[in-house]
Structure formats: C-alpha cells, structure tokens
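Chemist: Fit chain U to the given chain S structure using the hints.
Protein chains: 2
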Amino acid sequence: MKPLKTLLLVTCCLTLAASHPRATPAQPVDQAVQRIRESAPYKQAAAFAESDYDRFVKELIALTEIPAPPFKEQARGKAYLEMLRQSGLSDVEMDAEGNVMGVRKGSGAGMVAVLAHLDTVFPEGTDVTVKRQGTRLAAPGIGDNTRGLALMLSVIRAMNAGKVVTANDVLFVGNVGEEGEGDLRGAKFLLKKGKYKDRIKQFIAIDGGEQGGITRGGVGSKRYRVTFKGPGGHSYGAFGLVNPAFAMGKAIDKFSRLQVPSNPRTTFNVGVVSGGTSVNAIPASVQMDVDLRSESCAELSKINDAFLSIVRQAVDDENSARSTREGKIEADPKLIGDRPCGETLETAPIIQLTTAVVKSFGLSPHYEISSTDSNVPMNMGIQAVTIGRGGVSGRAHAPDEWTDIDRKTAVQATQVAMAVIVAVAGQP
Amino acid sequence: MKPLKTLLLVTCCLTLAASHPRATPAQPVDQAVQRIRESAPYKQAAAFAESDYDRFVKELIALTEIPAPPFKEQARGKAYLEMLRQSGLSDVEMDAEGNVMGVRKGSGAGMVAVLAHLDTVFPEGTDVTVKRQGTRLAAPGIGDNTRGLALMLSVIRAMNAGKVVTANDVLFVGNVGEEGEGDLRGAKFLLKKGKYKDRIKQFIAIDGGEQGGITRGGVGSKRYRVTFKGPGGHSYGAFGLVNPAFAMGKAIDKFSRLQVPSNPRTTFNVGVVSGGTSVNAIPASVQMDVDLRSESCAELSKINDAFLSIVRQAVDDENSARSTREGKIEADPKLIGDRPCGETLETAPIIQLTTAVVKSFGLSPHYEISSTDSNVPMNMGIQAVTIGRGGVSGRAHAPDEWTDIDRKTAVQATQVAMAVIVAVAGQP
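Heads up: the protein sequence lines correspond to chains S and U, in order. Quick note: the first sequence uses this note's numbering, first residue 1, plus one each step. Quick note: the second sequence uses this note's numbering, first residue 1, plus one each step.
In case anyone wonders, no lab produced these hints; they're calculated from the structure. These numbers were taken from a predicted model, which means no experiment stands behind them. Errors might be hidden in some of the hints.
Chain copies aren't distinguished; within one or between two, either way the pair holds.
Each computed DMTMM-like pair below joins lysine to aspartate or glutamate, with the alpha-carbon atoms no more than 20 Å apart [said to hold, decoys possible]: (1) Lys334 <-> Glu59; (2) Lys78 <-> Glu59; (3) Lys229 <-> Glu330; (4) Lys72 <-> Glu368; (5) Lys195 <-> Asp30; (6) Lys193 <-> Asp95; (7) Lys334 <-> Asp316; (8) Lys302 <-> Glu82; (9) Lys43 <-> Asp400; (10) Lys254 <-> Glu93.
Okay, chain S solo, but in the shape it has when bound (with noise of 0.2 Å):
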C-alpha cells in the first residue's frame, strides 16, 4: 500500500471547501490519477468499455425484471452471482446474508470492497417491466441502484480486458438490505461477520447519481416503534383509568418541540401512528414509528437520549394524572432501524482520490452527506465513499421512477468508476 501511504501525507495538507472541493493547481493526487488515465492498461479499459455499453443496458434491463423487494433479494442475487462468476471474478460465492461476491486479485495483501445494492424499496407483486423511450429507460429500481449493479459488472470486464493491475484485492460485491428496513444488514454483515471482513480497509459503495456528487458522511439515523400499553376499558364505565393514547400524544407533543440544529442537520419525524379498537374503549395499547437523524453523531446521540427521556416523563406523567388502579400506562422503544452516523475526512487519500478522478473527466466534483451503505465503514473508522452510479435519474423509490442511458454518459460512468477503483486499490 505504499503509493497509498505516500498520497496520505500530502493530501493531508490540502484544504478542501466543505461542499465544493477547490480548484487547485496539479497536486500529487491529481498526478496520479493521470498516470493511471494514461497508463496503456486503463486506456484499454476505458476503450472496452465502449464497446461494452450495449451488452450494459441489456444487462441492466435484465436485471431490473427481477424483482428485489427488501428481504426477498434472493432471485436477484442468484442472477447477480452467475454474472459475477461469468465476468471472471474468483471466489464468487453467497455469504449468509445474501450478499454475492467475487474477487479480482491484486498483488498486495489488502482490500478494498466495491458495493452495488441489489434490493430496491418497492415490495413484491410490484411491475417490474421496463419501459424505453429512448434513451429513456423507466422502471421501479432502474436507477437506485440497477444501474449500480450493472455498471459494477461492466466495470470488472472492463478492467479484465484491459489486464489492469492493482496492488489491493478488489472485492465486488452486489448485497443486500441497503434500503428501508433492511437497515444496511448486506454492508453490517460484510464488515462485521463476513471472512473478509479483517482485510477490508476501503470501501466504494455505488450508489450515487452523477459522478460529480462524492458522498463523504453519512448520516446516521434511529427509528423507533414505542407501544404505549395500558389496561384499557370502555370509555364512559372505565372513565378516568390511564389511557395510552393520552400519553403517546404527550410524548408527541413534547417531542415536537424538541430544537435540533440545521448545521449539522438534524432532524426528526412521528412517520405512522396507530392503535385502539373503537372510538368508546380506552385503548389498550398505540403505538407510532419515529425517526431520528443527524449528520453527526454527537447531535444523533443528544436527540435519542432526548426522545427516550420525553417517552418516559410522558408514560409517568399520564401515570400521575389519572387512575392506575386497573394497571399502569407502559412503553417499549422498539429500536427497529439504526444507521451508523460516520464520516470520512476530506483529507483522507480515498476521499482526494475520488476527487481527483472526477475533476480529470472534467466533472464538477461536490461532496455529500446521505445514508448509503458506507455509514456502516464510516462508523467503524474505515475509509469510504460513495460514487455515483452516472446518467440522469428521477422520481428515485416512485413507481415511475426512470433513469437515462445516453451513451457518451453511460460510457463516461464506466470510466469514472473504474478509474476511482483503481486508483485506491493501488498499483503495485
């Protein structure tokens, strides 16, 4: 990892605008990507993946109709392991998440993992049939992340035409359980229980739009369903016993009033409420799903001790304020979501790397803070970023969501993605 370690401590002294990274003079970084540009290797590369582009949107096409509901991205992962092992990846295999994988060898004992999602948010039975309109391709999941995946394959073969050597092992990887509820299980599992998950040192998610948005934070998030439990009654014989709605709306209110930053930005949402049996019962038990957010972790941590404190002077003070002698009002914080907050430093190498490659396309490189599947490296120290998959897309988790396949961009995207790879693997 020697090229590595000389990037870090020059980059280190450069000083990047927060959102907008500056135009600088030449640096080492931009150097070396253009000795990796120009390198005979990437150049081959680059021109496959011309050639390759149809064979990319049949493959994205192809992979769209099989649906991959959170959960159920089994089909789709089966697809997704048989191009792997067709791209020529070795050790391709299912881990026990469901995540499929391949490796391409490098010459050095690390690894950098590269990461396309294979679910999409729209649930089973949804039509998933493509719909172009020239260089309009429309379909639920096209864009966020099918594209991902697809240019990921166009990429390996792209890289093998070329001989392209790197110094890391590149671990490809299309895994589950990015979106929603699925709560980056695929990303948790790869980097906390999966076997290569001592020699992961850099990740790459795919799963940004254009090329020139470089995702750099994550922003982290908590959700909870509370059941507020009480012993119910009839509304008019049992009046004056405790009432878990009362307290649910106590707890809402209060948290309503709760004052967040906007810098870091920092939010919070009462998303379903629901509970009770007819309009003369006390109910026996409600319950609402919340969601909390921060861009730092600091402020997600000060906002969930808040929101649990509120949760319970709300339960003691509705247990105050009427009867109890039938039972108390009780509530359970279910945690049923928890996105690791984290973020990679501008100065890191992977972060200049990827700056560097995106300005040498003559892109408009500007950072970002989401909620990908690198939060879970970025909260565990470990280097990350995520690239956009390229090309205009819209109405992203709609039913008519679409993304446009203009070759010159496609293409383009390829590129840019293969070149970011290589340039952190290394060369040896």
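Modeler: This is chain U only, laid out in the frame that chain S set:
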C-alpha cells in the same frame, strides 16, 4: 288523558331520592297501579302470561338465531314484522328506516310508543346459535336486546287475551339502529320523520336488565373522527415542514388535560388513532376517533366546545411552529356519532307510574342514567323511560352473552312491562 293529568298534579309534590326512590306511604300513583293490577282484564292477561312462557322461550331462541348486525337488521325485521302481524296488531308495517311496528288501538287520541331494538352489536358471520344449559341460554345478542323483542310479543298476546283496554293507542316497535354507530337512527326516524311523529306523547323502551332499574336519564354523546392533513414529505429531506401527527399530538395532550365534573358524570376518550405510511415520511394524514359523553346536556355542550377549540388551537400551533411553504395543516372534525342527552324528571308521571309498578311487584326501584333509545325523546321533551327486559343476564356485547329464563322471573317480567304500559297508556 285525564288520569295522567290528575297524576301529574299529585306527583309534582313527591320527592324521590335520585338513585333510590324513597319508600313512601301509598300514594295516588300506587293506588292507580293497584287498581290496574286488580282489574279483571289485567288479571286475565297476567294469567295468560304464565301460559305463554314456552312460546316466549321459543320465540326468543328463534329471533336470536336471525342475525341482526348494525345496519343489517332487515332479516330479523321482516321476521318480527310477521310476528307482530300474527299477534293481532293493526297497521303493521316497516318504515323507511327499517323499523317494524303495529298499533294496538286505544280509545283516546294519544299514542304511547313501546320499543325494543332489533339490532345487536355483532358483525355479520357471528355464530348466533343458542346454547342451552338448564335455564341459561347463551348466544350473542340474546339478552341485549332479543329478550326485549320476545317479551314485547308476549305482552301483546297477554293484553289481547285479557282484552285490556287503554286510553291511548299503543305503538309496538321493533326498531333499528340502537347500538354503536347505529346512533339511535331508528328512534330518531320514528320521532322526527315517521308517520306517528306528532302523535307519540310517551315513550317506553324495553332495553334494561332486571326490572328494578328504571332509566330516566339519557347520557348524551358526541363522537368525532378528526382528520389532520398536511403536505407530507420525506422525513429528512422535507424536515421543517408542518407535520399532522405533531398537530394531533398537541391536540391529544391538551384534550387529556381537560377538567370535567364527576357529577354530572362527564367523560372523554381518544379511542383509535391511525395514519401515516412510513417511518421516514412526514404523514400526509392522521386521524383519531374521539368520544365525549355526559349525563348533562350543559356539560356535554361545554366539553364539545372545548374539544373543538383544542383541535383548532393545535392546528394553529403546528402551523406556527414549522414551515407551511408546501401547505398548512388542516383538521376536519367529522361528527360520527351524536346521541342526544336528556332526562325525564323524577316527578314526571311516566317515572312515577313505572316506579309504582316496580314497587307493586315487591321489587326495589332505582333510577339509572344510561344511553338508550330513550335519549331521543328525552332530548325532545317527550316523557320517556327505559325499563328492564327482565331476568338475570350477563356478558352483553361479548360473544358469550347469556340470559337466564327462569320461568317465574320471566313471567313476572312480562307482567311488570304490561303493567307499566297499561299504566302509562292510561285507561278510558
């Protein structure tokens, strides 16, 4: 209506305890009741009731086994219509609301309505097969209020057998919509739109338990489904927009702090909450079902106004607390239940006579305030009482509802009800 007028003057001077009418020396009402009970027609009718017991039981079982869910009383209504016809009433018919009824002519111009409701609380598909263990019959709805329906048929036959003559016409009604969301629609139609609406001067509902209980007050209730709507949005991306769950939480919190008197008993409840689609979306809509009740019309009006004001205030608070750039929170409190409050004074002839009848059978009369079809006439200023259907019953509104048909008690119940009806209808 001379006898009643006389009684009114006399009974104005009586003072009865609110819940337990005080034992007093024999009064004109007692003497009037005694005259009825000692008359040859009444005695013959009472004797007939003894011989009618088996038929009463048979009809109770037959009627119980015809399902009569809320808003779906028609099958039972048609069967009961036929039974009313066979009992010898005139003008037997079903009105536009689904009430079935027939008239037993008197000699005067006035009319007493006697009601037993057809509907049960049980939904379609409930097993209504009657199970018998000794004198205990179990089936959903058998006590509340099928027993009232069966008793009414036995009363009509007994009056006919004894050739009992009354001053006022007696309108016997099997009515719809007493339970739950039925919202007293049968009684409302009868008194406000039906063909006899201007003739009914007294109102007797057979819908209580044992005959000691005399319901002379109607607990009024108002029920709302309040929908809070807003623009919705992503929990993170659109954070800062108004949230309808926050508005509802504020409303519930304030509502839970309302102070209400325990006498006259006044209650409030949030029974059901629902809304929102995802933990990570600001809901576009949430709702709650609210129940307000009071023994007192003034208190019901007061809490109703307070509640509606709280909802408005909570909406305003939320619209002030967060951004309305994508739209404001709006709340729509929809009245889904409206049971009028009301009472019949203890001194009213209908209450005095019922009390005297109950005492004449050696039973202990006590006054109750409840929610029955009598709420409607009480609210309109029409003298009304709800009397017992007799017998020991239990588990009303539960699938294992039961009623005991012990012969002596059952026959006495018919005799008590008949005496009340004859006393209230007066004699020519």
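Chemist: State for each hint whether it applies.
Modeler: For each hint, the structure was consulted:
1. In this assembly of identical chains, lysine 334 and glutamate 59 lie within 20 Å of each other by CA distance neither inside one copy nor across copies; the values are 40 Å within and 53 Å between.
2. Taking identical chains as interchangeable, the C-alpha atoms of lysine 78 and glutamate 59 lie at most 20 Å apart only when both belong to the same chain, with a minimum of 14 Å there against 67 Å between chains.
3. With identical chains, the CA atoms of lysine 229 and glutamate 330 are at most 20 Å apart within one copy only, with a shortest distance of 5 Å there and 29 Å across copies.
4. Taking identical chains as interchangeable, the C-alpha atoms of lysine 72 and glutamate 368 are never at most 20 Å apart, the minima being 29 Å within one chain and 59 Å between chains.
5. Neither within a single protomer nor between protomers do lysine 195 and aspartate 30 lie at most 20 Å apart by alpha-carbon distance, with minima of 34 Å and 94 Å respectively.
6. When the C-alpha separation of lysine 193 and aspartate 95 is checked against a cutoff of 20 Å, the pair qualifies only within one copy, where the shortest distance is 10 Å, while the shortest distance between copies is 73 Å.
7. For the homomeric pair lysine 334 and aspartate 316, the shortest alpha-carbon distance inside one copy (18 Å) is at most 20 Å, but the shortest distance between copies (32 Å) is not.
8. Proximity of lysine 302 to glutamate 82 under the C-alpha cut-off of 20 Å is found in neither arrangement, the shortest distances being 45 Å within a copy and 71 Å between copies.
9. Taking the shortest alpha-carbon separations for lysine 43 and aspartate 400, neither the intra-copy value of 37 Å nor the inter-copy value of 81 Å comes in at or below 20 Å.
10. Taking the closest pair of Cα atoms, lysine 254 and glutamate 93 never come within 20 Å of each other, the shortest separation being 49 Å inside a single copy and 58 Å across copies.
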